[in-house]
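Student: The residues making up each chain are set out below.
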Amino acid sequence: MRIRQDFIMNTDAPFAPWEDETATPLIKFSNVTKQYGTFTAIDDVDLKIYPKEFFALLGPSGCGKTTLMRMLGGFETVTEGSITIDGVDMDGIPPNKRVVNMMFQSYALFPHLTVAENLAFGLKRSDMPKSEIDGRVEEMLRLVQLKKFASRKPHQMSGGQRQRVALARALAKAPKLLLLDEPLGALDKKLRRETQFELMDIQEKTGTTFVIVTHDQEEAMTVASRIAVMDHGKLKQIDTPDRIYEAPNSLYVADFIGDVNIIEGQVTKSEGEAAELSWGEGKPAIRGMAGESLTAATSGAFAVRPEKVAIFSDEPMDRHNRVNGTVEDIAYLGNMSTYYVRLENGSLIKSQVANNRRIARRAITWGDSVWLSWTDTAGIVLAS
Amino acid sequence: MRKPSWFNVVSLTLGFAFLYIPMIILVIYSFNESKLVAVWGGFSTKWYGELMQNEAFLDAAWVTLKVGVISSTIATVLGTMAAFVLVRAGRFRGRTLFSGMIYAPLVMPEVITGLSLLLLFIAVGMDRGVATIVLAHATFSMCYVSVVVSSRMASFDESLEEAALDLGCTPWDAFKSVTLPIIAPAVASGWLLAFTLSLDDLVIASFTAGPSATTLPIKIYSSVRLGVSPEINALSTLIIGLVTIGVLVASITSKRAIQKQKRDELLAVH
Chain A
-1 MRIRQDFIMN
9 TDAPFAPWED
19 ETATPLIKFS
29 NVTKQYGTFT
39 AIDDVDLKIY
49 PKEFFALLGP
59 SGCGKTTLMR
69 MLGGFETVTE
79 GSITIDGVDM
89 DGIPPNKRVV
99 NMMFQSYALF
109 PHLTVAENLA
119 FGLKRSDMPK
129 SEIDGRVEEM
139 LRLVQLKKFA
149 SRKPHQMSGG
159 QRQRVALARA
169 LAKAPKLLLL
179 DEPLGALDKK
189 LRRETQFELM
199 DIQEKTGTTF
209 VIVTHDQEEA
219 MTVASRIAVM
229 DHGKLKQIDT
239 PDRIYEAPNS
249 LYVADFIGDV
259 NIIEGQVTKS
269 EGEAAELSWG
279 EGKPAIRGMA
289 GESLTAATSG
299 AFAVRPEKVA
309 IFSDEPMDRH
319 NRVNGTVEDI
329 AYLGNMSTYY
339 VRLENGSLIK
349 SQVANNRRIA
359 RRAITWGDSV
369 WLSWTDTAGI
379 VLAS
Chain B
1270 MRKPSWFNVV
1280 SLTLGFAFLY
1290 IPMIILVIYS
1300 FNESKLVAVW
1310 GGFSTKWYGE
1320 LMQNEAFLDA
1330 AWVTLKVGVI
1340 SSTIATVLGT
1350 MAAFVLVRAG
1360 RFRGRTLFSG
1370 MIYAPLVMPE
1380 VITGLSLLLL
1390 FIAVGMDRGV
1400 ATIVLAHATF
1410 SMCYVSVVVS
1420 SRMASFDESL
1430 EEAALDLGCT
1440 PWDAFKSVTL
1450 PIIAPAVASG
1460 WLLAFTLSLD
1470 DLVIASFTAG
1480 PSATTLPIKI
1490 YSSVRLGVSP
1500 EINALSTLII
1510 GLVTIGVLVA
1520 SITSKRAIQK
1530 QKRDELLAVH
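Going down the list, the protein sequences come from chains A and B.
Residue numbers for the first sequence follow the numbering used here, so the first one is -1 and each next one is one higher.
Residue numbers for the second sequence follow the numbering used here, so the first one is 1270 and each next one is one higher.
It should be emphasised that the hints constitute simulated quantities derived from the structure, not laboratory data.
Glycine is no exception: its CB is placed at the ideal position from the N, C-alpha and C atoms.
The reader is advised that the hints may include incorrect statements.
Unchecked claim - So the derived label-pair ranges between C-beta atoms look like this: (1) A/Ser129 with B/Ser1424: 32 to 42 angstroms; (2) B/Lys1531 with A/Phe195: 27 to 37 angstroms; (3) A/Thr296 with B/Ser1424: 49 to 59 angstroms; (4) B/Arg1362 with A/Thr82: 28 to 38 angstroms; (5) B/Ser1523 with A/Ala148: 40 to 50 angstroms; (6) A/Glu202 with B/Leu1535: 30 to 40 angstroms.
To be verified - With a Cα cut of at most 16 angstroms, we get these calculated EDC-like pairs of lysine to aspartate or glutamate: (7) A/Lys122 with A/Glu136; (8) A/Lys26 with A/Asp87; (9) A/Lys95 with B/Glu1431; (10) A/Lys151 with B/Glu1534; (11) A/Lys234 with A/Asp44; (12) A/Lys348 with A/Asp366; (13) A/Lys174 with A/Glu202; (14) A/Lys188 with A/Glu202; (15) A/Lys122 with B/Asp1442; (16) A/Lys151 with B/Asp1533; (17) A/Lys146 with A/Asp132; (18) A/Lys50 with A/Glu17; (19) A/Lys267 with A/Asp374; (20) A/Lys95 with B/Asp1442; (21) A/Lys145 with A/Asp132.
Build the full structure now, drawing on both the sequences and the hints.
Tutor: Next up, the structure:
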């Protein structure tokens, strides 16, 4: 596994222009709304994306993420509000006049042209002198490691190779902004992993701003500097992958990203970063971090990730958050096991444990009465 | 391969005999020495010679060819445009009506199409001749072209055009350098279909042709009414020969294309 270079190289000053108030965004959505008849596809979106960002639009199908991206490409008009790219208002500017290129989900390679001709297609229509085009095409082929394939037609290549041609073609004109519509959707899982790292490499090498649309949260978490989680045309949360995962601002985001346990109840305390939730008669309140704009004495929910829930045979007296239940199911995944524990109030809590030991020595089995426990900062209390 | 049963052999023979015996007889009698159609008088190619001397037939053949090329070209341009609008415009008010109206001439009896065109040409005072046949043929073959082209357009990935726009094309440039080359086979087969229909047509042509211009089918039909001459047999044999060559070329080309596709797919795997 490789780790993103900016985490290693610049630990003192990580890449985070969104935290710098003086930074100028490359893209700015201001109160953008898009309507198809009475259907609102994009609902009052405000969004800033900064140069050199790898920005992911994440959401279920039909949430409006593709529409939002196609607006940047010039393929959809805006009903209300405005979009600026590099300070220029994009209203009424057709796709061929934008400093934006797009990599299409279907790759949209021209089947009647060879790979080299596909790459040269956009360059021939730019103001690049003819003599430089061949050199640029070669440079792009080298970037995606397809030099041998220059004279092949798209249907003579595999899915992964076509994907790289599509990427190279979109990057050939050195756009300020590259849009990627589900770029890895057609690849199998293993190839997708490798290609994710390749995308990140290429993004770093070229310094282009990438906006990627995906429904695959793992992909978004891997590649993106920031993620916008969308639902029904609204931006639910815009944050870095770790913040999205560790500090979701709503139950929707917590539930959409990764696996989560949810316990519903009443918020009894919300002071600064700490909050408490009472969830059953005579049970001690659960302690957790306070979610965004949480107030006491409202109904709420406690969300905690399965890997942060520890499982014990005996009651762990030294921990505050501990609940009792019965093991209903065990899912063995090889590297880890997930225990499905039914609490007395009927809710099912998952606990994920790394299998550091051989399975034969596992102490807990079906039907056992067990204790689940997590630290005071492991979970988050959210308004519901 | 399994040995075919006697039942299959018999039905195959009967089927092909039913289809081809009339044509074979026609071809054989085109080489008949005798002037009488039904009596064999020995082998000869003289009717082919006489045919080449027959100005009326040659004129009609030239008119037919001219009408075919011009009308199918007009029909291809119009039919492609109609197909483009039908597939691309999405839902607009009256779309169903519009598409229905494009396809209606497919099922309209030819006599009615011919008659209505005749009435139109009389009403606008147009002299009947090559121009009126061309217009008539373009009108009825246009819908065939649009059916062929729109079925290709329906499976055309629209993002190809968007990609062209994205890479700096104007809409016309995108159509010219991406859409057209990709749908070219369908446009070409639409043109061929229109051309064949025009060559073939007797009914509509006879309504819209005038004394100044006669097409080959009209010429053949009217001379047959005066009695079948061996010259007609010779002419028909030539036409059968041309069609056979056309079909052979088309099937060999498409077979080659399929083989190439298979090779390319193998290449993609490695």
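Student: All the hints need checking, so say for each whether the structure fits it.
Tutor: The hints, checked one at a time:
no., hint, verdict
1, A/Ser129 with B/Ser1424: 32 to 42 angstroms, "39 angstroms, holds"
2, B/Lys1531 with A/Phe195: 27 to 37 angstroms, "34 angstroms, holds"
3, A/Thr296 with B/Ser1424: 49 to 59 angstroms, "54 angstroms, holds"
4, B/Arg1362 with A/Thr82: 28 to 38 angstroms, "35 angstroms, holds"
5, B/Ser1523 with A/Ala148: 40 to 50 angstroms, "29 angstroms, violated"
6, A/Glu202 with B/Leu1535: 30 to 40 angstroms, "36 angstroms, holds"
7, A/Lys122 with A/Glu136, "14 angstroms, holds"
8, A/Lys26 with A/Asp87, "9 angstroms, holds"
9, A/Lys95 with B/Glu1431, "13 angstroms, holds"
10, A/Lys151 with B/Glu1534, "11 angstroms, holds"
11, A/Lys234 with A/Asp44, "11 angstroms, holds"
12, A/Lys348 with A/Asp366, "15 angstroms, holds"
13, A/Lys174 with A/Glu202, "13 angstroms, holds"
14, A/Lys188 with A/Glu202, "22 angstroms, violated"
15, A/Lys122 with B/Asp1442, "12 angstroms, holds"
16, A/Lys151 with B/Asp1533, "9 angstroms, holds"
17, A/Lys146 with A/Asp132, "15 angstroms, holds"
18, A/Lys50 with A/Glu17, "14 angstroms, holds"
19, A/Lys267 with A/Asp374, "13 angstroms, holds"
20, A/Lys95 with B/Asp1442, "14 angstroms, holds"
21, A/Lys145 with A/Asp132, "12 angstroms, holds"
Of the numbered hints given earlier, the model fails hints 5, 14; all others are met.
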